[in-house]
Amino acid sequence: MAARVLLNSVQRLIVGKAFVTRNFSSETRTVTLIPGDGIGPEISESVKTIFAAAQAPIAWEPVDVTPVKGPDGLFAIPQKAIDSVHKNKIGLKGPLATPIGKGHRSLNLALRKEFNLYANVRPCKSIEGYKTPYDDVDIVTIRENTEGEYSGIEHVIVQGVVQSIKLITKEASIRVAEFAFDYAKSNQRSTVTAVHKANIMRMSDGLFLRCCRHVAEKNTDIKFNEIYLDTVCLNMVQDPTQFDVLVMPNLYGDILSDLCAGLIGGLGVTPSGNIGADGAAIFESVHGTAPDIAGEDKANPTALLLSAIMMLRHMGFGDYACRIEKACFDTIREGNVLTGDLGGKSTCSEFTNEICRKVEAT
Amino acid sequence: MVIINTYLQMVSKPQQFDVMVMPNLYGNIIGNLGAGLIGGPGIVSGMNLGDQFAIFETGTRNSGRSIQGKNIANPAAMLLASSQMLDHLGLKDHGKLIRESVKKVISEEKIHTPDLGGQATTLQVVQAIVKDIKEKTQQCLCLYILGYRSN
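First to last, the protein sequences are chains A and B.
Using our numbering, read the first sequence as starting at 1 and increasing by one per residue.
Using our numbering, read the second sequence as starting at 1001 and increasing by one per residue.
These are computed hints drawn from the structure, not numbers from a lab.
Note that the Cβ used here is the ideal one computed from N, Cα and C, for glycine as well.
Wrong hints could be hidden among the right ones.
Quick look at which bits of chain A chain B covers, simulated, 3 or more residues with Cβ under 8 Å [unchecked claim]: (1) 211-222; (2) 226-239.
Capping the alpha-carbon separation at 25 Å, the derived lysine to aspartate or glutamate pairs in DMTMM-like fashion look like this [what the hints assert, rightly or not]: (3) B:1013 <-> A:45; (4) B:1110 <-> A:45; (5) B:1013 <-> A:319; (6) A:87 <-> A:45.
Partial pick of chain A residues on the chain B-facing surface, computed with a CB cut under 8 Å [claimed, not checked]: (7) 97; (8) 262; (9) 263; (10) 277.
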């Protein structure tokens, strides 16, 4: 026990702040699973089935994050779910529906605050076999997820005049910039681009940009450049291949990550990961709960599966990640067994089984 | 529609949108996105309207410093902005004349500057537009004279 604690500490020191837990044995790691609502449970089952077929060393600990009423009358995530993620550090989450009503806060926001998830990572890569008007897209958006335009600080000045505060701190900006460069290094990416509007928002975006420049100076093996947000949007739809890793404050990240998802085919095929400050990370599909097709075996599990593959890589299980990813992409490329949203007629189960078949064959 | 999904929709199915109104920052983004979707900053015009004043300019406000002085800038954006200005001033026939010539040179004759994938110079594009306008105005003049004489 003491030896493992020491080993983990040494791993952290060696690899640095944005550490990836390397697994030198085939020890099973427990991951918190939040199936979610709507199609969440069935796509979570798909992922579990595929992981079992690949014999991935992951044990699942499902938890329910349906809010419970606290003594203060406000609804909050159940303590059991919180404890599970704190213990396991890694979570996989399906889509959540925020209940509408008094006392309900956004569940996604609650999770973000609880585990201090400061960086949202979305790799957007063109999928062979799922044609979009844009080819060869291979962009990763890294979005600062704790402050910026979404700090929630708003007030009424006078009737009809409202002010919203965009909060940018040196600490959060440096933290996300460091993550971006570490991510680029760990994933063999060549360039990090800071997206900003410091020409207009001189103090807030200016601070963000200076922090990125400061981190870039310490990481000279990765190329760094800067671009205005509007120029990114203009250029992105004309030639998305010119972009690699993009790092940016909250609102711009929200917009660009969805834009990039649109380039490769939408939220149904886009993975997402949220990195926390103390080693916690929650990977999730970012599409909706699709209540109209829930329970009908029609859902496409690709987004959640790709997020789970991101999770495997984050945990140091690169080999399993590659095998499962290849099986998934081969299935889509071959085009014989596709769910409805991908242009096919197969069920979720058939799609899942086809991926399992391919994984077992490797 | 919630602005965030809009970006995703704009790159996958922009045809669903018509007139879009939004606050400042979102407008900057959507405006550039829209320009990129249809060919870039060289062909999109913009206007700024106030209670008393109006200023017409290229839509994305790119200064194009990297191609300054090289005779390869696309004049279409500025010409389309100026035809919007003529419309605004009540000179709709003149505005229409210039706008249609610009569109003809770009869409039909396909005389393109490098930003549109062509090899033409700024001057060549302008000369083609002027030629088309002259032909149309001469036609108008002939028709006018004929109409006058027949009266």
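Here's how the hints hold up against the structure:
A count of 0 residues in the stretch 211-222 of chain A with a Cβ less than 8 Å from any Cβ of chain B is obtained; the coverage claim is therefore unmet, three being the minimum. Counting residues of the stretch 226-239 of chain A whose CB lies closer than 8 Å to any CB of chain B gives 9, so the stated coverage by that chain holds, three being the minimum. For a cut-off of 25 Å, the pair hint linking residue 1013 of chain B to residue 45 of chain A is broken: about 32 Å separates their Cα positions. Straight-line distance between C-alpha atoms of residue 1110 of chain B and residue 45 of chain A comes to about 55 Å, which puts the hinted pair past the 25 Å bound.
A threshold of 25 Å between alpha carbons decides the hint, and for residue 1013 of chain B with residue 319 of chain A the separation of about 37 Å lies outside it, so the pair is violated. Note on residue 87 of chain A and residue 45 of chain A: the hinted pairing holds, with a Cα-Cα distance of about 22 Å set against a maximum of 25 Å. The closest approach between the C-beta of residue 97 of chain A and any C-beta of chain B is roughly 15 Å, which is over the 8 Å cut-off, so the hint fails. The criterion of a C-beta within 8 Å of any C-beta in chain B is met by residue 262 of chain A, whose closest approach is roughly 4 Å, and the hint holds.
The criterion of a C-beta within 8 Å of any C-beta in chain B is met by residue 263 of chain A, whose closest approach is roughly 6 Å, and the hint holds. For residue 277 of chain A, the suggested interface contact is broken, since its CB lies about 25 Å from the closest CB of chain B, more than 8 Å.
Figure legend: structure checked against the earlier numbered hints; hints not met, in rising order: 1, 3, 4, 5, 7, 10.
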